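Q: Sequence:
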Amino acid sequence: MSIYNTAVNKPISTLMVFIAIMVLGVASYIQLPVDQYPKMDPPYLTVMATYPGANASDIEENVTKILEDQLNSVDNLKEMTSTSYDNLGVISLEFEWEANLDEASNDVRDAVDKAMQNLPDDIDRPTIMRFNTSMMPILIYAVTADQSYPGIDKILDDKLITRLNRVDGVASVIVAGAPERVVYVDLDPNKLDAYNLTLEQIGNKILAENKDVSSGNVKMGLMDYALRIEGEFEESDQIKNIVLGTQNNKTIYLHDVAVVRDTIKDITLEQTINRGRGGVLMITKQTDANAVAVAKEAKKQLELAMKELPSDINFQIISDNSDFIVKSINNLQETLMYALIFVVLVVFLFLGRWRATFIIALTIPISLIVAFIYLFATGESLNVISLSSLSIAIGMVVDDAIVVLENITKHIDRGSRPREAAKYGTNEVWLSVIVTTLVTVAVFFPLTLVTGMTGILFKQLGWIVCITVCTSTLTAISLTPMLCSQLMRIQEKTSNSKFSFYNFVSRQLDRLDSGYERLIRWVLHHKTFVICFMTAIFLGSCSLTRFIKTDFMPQNDQSNMTVYAKMQSGQRVEETKRVALQIDSMIRADIPEITIINLSYGSEEEASFASMMNSTGNNILNMRLRTVDIKDRERSIFVIADQVRSILKSFPDVLQYTVSTSSSGGSMGSNSVDIEIMGHDFNTTTRLAQDIAVKARQIPGAEDIKISRDDDKAELQIALDQDKLARHGLTTSEVGSYVRNRIYGFRNSKFKEDGEEYDIIVRLDEKYRSSLTEIENILIIDGHGEKIRLKELGEIKEYFSPPNIERKSKQRILKVSITPAAGVALGDIAQASQQIIDNLEDVPQDVSLYIGGNYEDQQESFSSLIWLLLLSLMLVYIVMAAQFESFKMPFIIMLAIPFAFTGVILALLLTNTTLSIVAALGAIMLVGIVTKNGIVLIDFINLMRERGIRLYDAIAQACRSRLRPVLMTSLTTILGMVPMAISAGEGSETWRPMGIAVIGGMVFSTIITMIIVPAVYAAMDKSGSRDKKKALAKEFKFMKDFDPEKDLPKK
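Numbering (this note's numbering), first residue to last: 1 to 1051.
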């Protein structure tokens, strides 16, 4: 027994099945975590090697190259890049998307082990990091204070950070830029020399005195006592009273040779928030945690903690990724609701029956809610991709129900009882319904096979659309006929009034039917002209493609931007601060939308992974800017960013700048074109980069031109004489340690208070380490116990070296990055950049230039989509050929696809929308959507022909009969996409191009399909008829000449 007969015969059982689906769907929805994007596990690993005291050139030669030689042989490695900084080497490994990262991590660990034997002996073991999007902060707060500023680090640690770390789902809480408590022991080298002491002796003396020593157990009477000597400092003042020794019967204390200061660490990287001193609080979540729930609880704990914090400590949100997620999700839910309303209105408008409309409206949530079961079962989250998938599917899930219900309604109107009409009506169309669903699946299922960034974005979309349309088909051939048999009536009229609204609409639709039939009959008699004219339209639209701009991913307006500004190399931090405050004042005066300005200038004391992610230096200014919410301002963040660029451009001190509107962990839509210069010689690549940068500034719409390698920085190099070192029994490493301890500081002990540990740093007083003469006169104890000055062991000279050296595929590389201004396409910038490369002169043969950056990602993604398009076309053809048992019928139906692309081209041009990955995906979706109309049309024409109706009459009657279902399904799809295309809320920028592309393609292809398909069908049927006549003529001739006596074999 067929599924629709069973459903009609057992209505209660059928109803219970779908109620169970609804219950499971609601339960799954309630438990779904909320995030911005699906789970991502990008195939990236990072190897970091720390080598204190080495400059970037030393790191490249002694660390990076050695590691690269071993790592280059790791399986599935796609690309290897590295950057060498002072004290730090970072190697980034990109693997193929199908690679197993756990296995890759083991292979990388083995390669590092092999490299260790060739690395310097005193290097720290390289660490391996696996990148994950959860490493990016979900909340960034600006923390300011007045009187509490010196102790803000400990105050936050005691009152807030511990509380936040206990929040379920929080991975880490970091305070950056806040002052840190430290104990400085600033030594006088002259007094050390007078007392015959060394810095190392004092450092070790502090360590020896700052210990609790366990001395065993003592039994006294009936008691057993643990014997312990307490030596740890309870107060920092105790340090200055350490006894160093005696001289001439006089006790020498530490305060005799040093000044001991319990203070905050020397600030080399200063942060201000709206002119106030402070730091930045960053909260990251665990990989599987609910971003919105974690942020909500963290905010709650922050509010509770503020009651215990000093009143002068204030918090302001710089970046709240959870807020953007919530607003994006709410905006998509609103879009989904509007789409549902539009779809229901279209159905009611065409059918004019509230019972029929109710049946269609009921099938929509059932089809969509299955997606929540899928998300829950696969451990995924409710995110912008999944909700956007539902918005895309909502216009398609009603198609099958409309076809079935419309056919059942015809049987009822002809006098059939609802129960029989439900069975017979479904029986006539169930096969075509399934085929149209298979066509849709044939387009969306390949999305689940795509890898790379495109796969991350659209794999979930493919699964959800496939699942929802399959569910809608199941609903259409089971629940819909069952409900029709129970709810529909033989005589159902909206009103007896002649002037009722539906009667008016019905009359207009009747006129449309008649007019369309007359048009089709004219087309059939002028089919050659029509086909040629339509072909000319398509070819003409192809010529318009050169006016369409291309882009990678649309950028989201998240009310945040980051600014990087570089000034003259070697500039003092005080001058950078002066310029920074002037920029701050101008932004406040000219851009009222900006509410928070976080300035950061100076350099970090030590190179770290954080400093690698965000360039720092005495001549570098970093800014975080936050605007009011998108609903509270008229201008987009991109227009505001352009104004910030104009302000930066007005300062002659600012030599180079970038303004990014992608917040941490937020947008996937950062856009840039990189011109990559591969060559070994620094001078040659720098000359070419500077030449390219000058020419790039002439490109219309090019902003943020940045050279990846910073200007050479001045450094003092100590060239040691190896002969003198040998005579004095010293090594380079020993001399380096002596100098480092006196300048950077000797750190081998900590001061503890209230459970916290603070560094005790022993070093020379600043006035004895701030000039070349003082450094040259540093005393060193040689291997024979003799004192010798540093200048006697070698020469100190000024030298300029690169602060960072980049490599790609084991070759040095220098990049010039160009960011398009608001409204400028990435493809235009890339094309202009290629022209610059082509016109360059004096390029040595050993130097290569390429276009990279996001444009390279765009090209890879477009290549994936082209493969996806070809695969979809092939699968769609296979499905239709199997249904019609014909090779030419699918060809006729697929004629609608080129005209859908014509509609996409026109829609993008009229709305000034760039062809991004999202818009291109919308065009590919049309392959499955527009062919459904052709299938319905051809299937009915064939049915008319089988009933013996002549060709032209069959085509005309079929077109008239199928006009309303085609218009209904097309309008539901179009209006279902309208909210997505016109939405202006958070996150709408991502999906708007898809909505525009689908609407344009559907409108144009629906009109053309209903004209070109009948014309081509008639033309090809004529050709087929001639072939049949020839075959019949041959058969007739054969029968005429046939002689049974001669031609049949004898027994």
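Bear in mind the hints are in silico, worked out from the structure with no lab data behind them.
Note that the coordinates shown come from a computational prediction; the quantities given were computed from them, not determined experimentally.
Warning: the hint list may mix true and false statements.
Cut-off 25 angstroms, straight-line C-alpha distance, at most; resulting in silico cross-link-like pairs (DSS-like, lysine-lysine) [stated by the list, open to error]:
| id | residue 1 | residue 2 |
| --- | --- | --- |
| 1 | Lys78 | Lys810 |
| 2 | Lys549 | Lys767 |
| 3 | Lys240 | Lys265 |
| 4 | Lys713 | Lys65 |
| 5 | Lys327 | Lys713 |
| 6 | Lys240 | Lys327 |
| 7 | Lys767 | Lys577 |
| 8 | Lys299 | Lys327 |
| 9 | Lys767 | Lys713 |
| 10 | Lys767 | Lys810 |
| 11 | Lys631 | Lys299 |
Q: Each of the hints needs a verdict: does it hold here or not?
A: Now the hints, each set against the structure:
1. Lys78 <-> Lys810: Satisfied, since the Cα-Cα distance of roughly 13 angstroms is no more than 25 angstroms.
2. Lys549 <-> Lys767: Status violated; Cα separation ~61 angstroms.
3. Lys240 <-> Lys265: Distance ~18 angstroms between Lys240 and Lys265 Cα, so the pair holds.
4. Lys713 <-> Lys65: 22 angstroms, holds
5. Lys327 <-> Lys713: 45 angstroms, violated
6. Lys240 <-> Lys327: Between Lys240 and Lys327 the Cα gap is close to 57 angstroms, so the pair fails against 25 angstroms, i.e. violated.
7. Lys767 <-> Lys577: Within the cut-off at roughly 24 angstroms; holds.
8. Lys299 <-> Lys327: 17 angstroms, holds
9. Lys767 <-> Lys713: 23 angstroms, holds
10. Lys767 <-> Lys810: 44 angstroms, violated
11. Lys631 <-> Lys299: Since the Cα atoms of Lys631 and Lys299 sit roughly 22 angstroms apart, the hinted pair holds (cutoff 25 angstroms).
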